[in-house]
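These are the residues of each chain, in order.
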Amino acid sequence: MTESIIKIENMNKWFGDFQVLKDINLEVERNKKIVVCGPSGSGKSTLIRCINRLEEHQRGSIVVDGTELNENTKNIEQIRAEVGMVFQQFNLFPHLSILDNCTLAPIWVKKMPKKQAQELAMEQLEKVQISDQAQKFPGQLSGGQQQRCAIARALCMQPKIMLFDEPTSALDPEMIKEVLDAMVNLAKGGMTMIVVTHEMGFAKEVADEVIFMDEGMIVEKADTKEFFANPKNERTKLFLSQIL
Amino acid sequence: MKFRILSYLFFFIGCLDLLVKILYGNIFSDFTEDYYEIANPILVFTPVLFFSIGGVFLKESKVNMSIENFGTSRLKYYSPQFICLAVVVLIFLFFTFNAQINMENRGIDFGFSFLNQEASFDMQFSLMDYDGQDPYWWAYVVALLNTLLVAVLGIIFCTIIGVIIGIARLSPNFLIRNSAAWYVEFFRNIPLLLQIFFWYYAALRALPLPQDATPLFGVTYLTIKGYYMPAFIWNNLNIFIYSLMAALIAIIFVRYYAIKLRDTEGKQLPVFYISIILLIFLPLLAFLFGGVSLIFELPVLKQLSATSFIYDGGIAVPPELIALTLALSLYTATFVAECVRAGIQGISKGQKEAAASLGLTPNQVLKLVIMPQALRIIIPPTTNQYLNLTKNSSLAAAIAYPDLVLVFAGTALMQTGRAIEIVSITMLTYLSISLAIAALMNWYNKMIEIKEK
Amino acid sequence: MMNKFTFLNPDRSNISSVLITGIFFITIGILDVLLNTFFKLNIISFLPSKISFITPFILGIIGFNLIRIEYTGIKFIDVINKHINPSNFNAALTLIIIFLIIKAIPPSLSWMILDANISGDTKEACTGTGACWTYIKVWFKRFMYGMYPNEQHWRINTAFLLVIALGTFGLFATEKMKKFLALYYVLIYPILAFMIIYYLISGGYFGLEWIETGAWGGLSLTFIVSFFCLIFCFPLGMILALGRRSSLPAVRYVSIGYIEFWRGVPLITVLFMSSVMFPMFLPEDFFMDKLVRVIIAITLFEGAYCAEVIRGGLQSLPRGQYDAAKSLGMGYWKMHIFVILPQALKLVIPGICNTFLALVKDTPLIFVVGLAEIAGMLALAKTNPKWLGFAMEGYIFAAIIFWIICYAMSKYSYNLEAKYKTER
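Residue numbers (this note's numbering), protein chains in the order written: chain A, 1 to 244; chain B, 1001 to 1453; chain C, 2001 to 2424.
These are calculated hints, taken from the structure and not from any lab test.
Keep in mind it's a predicted model, so treat the numbers as computed, not measured.
Among the hints, a few may not be true.
SDA-like, lysine to any residue: derived pairs with alpha carbons at most 20 angstroms apart [what the hints assert, rightly or not]: (1) K1225(B) to L1304(B); (2) K1059(B) to A2358(C); (3) K114(A) to I1259(B); (4) K1352(B) to I79(A); (5) K221(A) to R30(A); (6) K110(A) to T1264(B); (7) K1267(B) to L120(A); (8) K1260(B) to Q118(A); (9) K127(A) to K160(A); (10) K2082(C) to L120(A); (11) K111(A) to A1258(B).
Construct the complete structure from the given sequences, taking the supplied hints into account.
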């Protein structure tokens, strides 16, 4: 029985007067893949941004790999080094080459020697099949290539958990497949992943659990097969009928 | 292909021209003396002209804009150019011709020999030794140094103020943000000339007389006649300079070693703190063991007459310099602030988030991700503002600060009457500064360009 | 990066006591500075002077610290906390700004308005310790019109109104005439404006008295010069911009040379050139009025800056426009006059406004060559023996006028830019 690597209990978050997350309870075990879906504004992105503390929660507790996240967390950077994140807008650093993008954090955060960092980076770039572009700059690559680089960059920190915030929403349709392939490979390799996405095909193929959120609450949480075959909640059924 | 041949032809003619002039002097002098002496300098410039034309043809040959690519008839291609050049040449000839006649009628001749004559005026303020017996060309150099002094001081201050205001404009604090915005709107919309006048004639006139001044920091006095500071009198200044240079070299080595260490073993040295320690420690050694000593010559109140006092000794910063620097800095800082704000705002929030999500500390995010990108946006327009500041420093003529324009194109011109030579030299000086900085900026931009598709 | 070091750890539990103490401290701090400035009272004068100087500041910081609680539920406190009190550093800066405002604004206001004088006609009327606006009132006409005879001021006013009216012609053009708008502004309007100014302000014809340009001065001269230069440097800039983008090498290099030359030299040397060098370059007996020379010099100078602005507009037009026009068989000039320029000019209007603004701010400089526009009139008034010692009022008056005009123009061009951005 593997222990939970992420444990969220009664988490609530407000933006000013507006409550975006209501009583979230979630447990994620190691090596599990979770897909979070729901309409826009439901708080899915905010939820995963709370996990690496890009957003702060006001009530409840979040424990990541044994460390609780609150304002007394001394070394938030160490936590973040264990949790990788891939953004919708890629957010690659345009002034650095792809290789430098990937080696930046290992050199400056993990204090790795440059050569070792470069070898690690090339390894990760190989995994997402983009190692031939290592010397190019982000501005010279297509959207799909950039997102794969972003995945490689996050992987270079050898995180225990990978968070994906709508990774394919900003891509042209023909590029979505290459990014999803990279994510499927990653999943098969055993990484713990939490993915916010609308790509239900991906969810069916890879996810262990699917969570549906609406208006800040977790409406339904079930194993993948159960979720798609027997959605229990009305809202879930409505949502699935709209996107499938 | 044709252009390249033409360019080589012109280069060749230019070299011939130069050679002939160097070896035989102006072989046309008999010819031109009958006409007008002004032809002399024109003949001197002809090699330059030939080389430039050759250069133009060379560039054009590389661009490959030959007539074949232009796609129209020969007439349409060559005649506008011919007309254009003919008009330009005709205008120049017209001016030259008139100038020659006018100068002959007034008995003025053209030449630069006046530069060696004694300039018989004094300058209130100069960085180097100058008195009325020095030649005009020395007056030019000293005045140029004065201009550069104002420009450099102005650039330093306007950068500091501009960066602070620019960052303040983005503060989440309502009061700070609006105060900065009002600063920018206020100082930007009042003409620079009026600001200079205000500081010089209104604000600085409100300062106390020397005898009534209360000391700032104990030894400096801000008075209506200027800002008096203690002068540094060094003993063995060169040893101090060597110690500074040694500290700088040591810092360079430390940085180099730190980068190597980081690359090979990943360990990081606190380079910043080490540099500070070196900068303090080595000069300190110079003081203790190198025989360097520093005495301050304090300004002392001296009575010139029954009601007039002045401070003797020390360094006197004239109020003209203070007013000019203050006005230039405050005015240009508004533009620099806007450049800085545009630079920082141009970096999307996602960059900061991505860097933070990789585990970089806020300082590392700033140093490695934000600043490199922001500086690329900030530096080109800011350099433009520095150039504007340098050109605006010529307004010193309005309050009698002895800068290049006032001394050379003002006093010297009135004394010698050599309008064309003097104004040309002045304009060429500013033009050279502008072009040099613009060329530097182009080179810098090419170097740091972020590559795109 | 925000310093969240809050001692005494205020939070919602002891909200009332903490809030009251905090507000009390802040009020005492600000009150102390207020009393000090206005009534020269010092309620903590029992402390040595250095410490009493810092005390209001420290009290304020402690006060702000105490009220820094997240989500108190009281709207006012929450707004203050979010905007000016997110951290100690911010609170400190806010306090400094508040204190600066208290120390600077009331004395300036009292000098400018409360203690000032405006009635009367002579120096003796200025009795108070404040500004002497009587000085401005008396000299007002001179500041505005220079030495132009008082009875003829209506000519300047009419001329300005006419010129502005003709300038706004473009807003009322019918659809059919819109094609010729570019031609109008570039060719017809300058000529009309020139004639208006020549016949109306300079005079000598139609029974109007001739007034030499040496008598023109003040703010009206500033505007005449700026305006003239703008309407003439606009066509010049256009030609240069087209020349710079031309594919004919000779034309291109001549344009580049011109533009880089005039952009590299300061305006004051250009003015010196116009007053000292120009006479040399012209035939012996061809006398050009000094004002005309200055206007020509400034036009040549600003033409280079205009050219850069217009070039920016030409470059930002999509290539497709050029391609479409060419494929319809239009030649170079037809294409530019009917397709390119009308579109490009709309884009560059904010830039031209900025250039005009810069021109208006640069024009006061012409006083160094002897033309008495407003800076010159200020210098004249300042040294008049009957009115010595009022330099500050004069400069502040001129500064206020320029500020109002420039601020209005910059806001206008900013709005224009926003409007054109959304229109595309």
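To see whether the hints hold, each was checked on the structure:
no., hint, result
1, K1225(B) to L1304(B), "holds (13 angstroms)"
2, K1059(B) to A2358(C), "violated (35 angstroms)"
3, K114(A) to I1259(B), "holds (10 angstroms)"
4, K1352(B) to I79(A), "holds (17 angstroms)"
5, K221(A) to R30(A), "holds (17 angstroms)"
6, K110(A) to T1264(B), "holds (13 angstroms)"
7, K1267(B) to L120(A), "holds (18 angstroms)"
8, K1260(B) to Q118(A), "holds (15 angstroms)"
9, K127(A) to K160(A), "holds (17 angstroms)"
10, K2082(C) to L120(A), "violated (44 angstroms)"
11, K111(A) to A1258(B), "holds (13 angstroms)"
The structure fails hints 2 and 10 (numbered hints given earlier, in ascending order).
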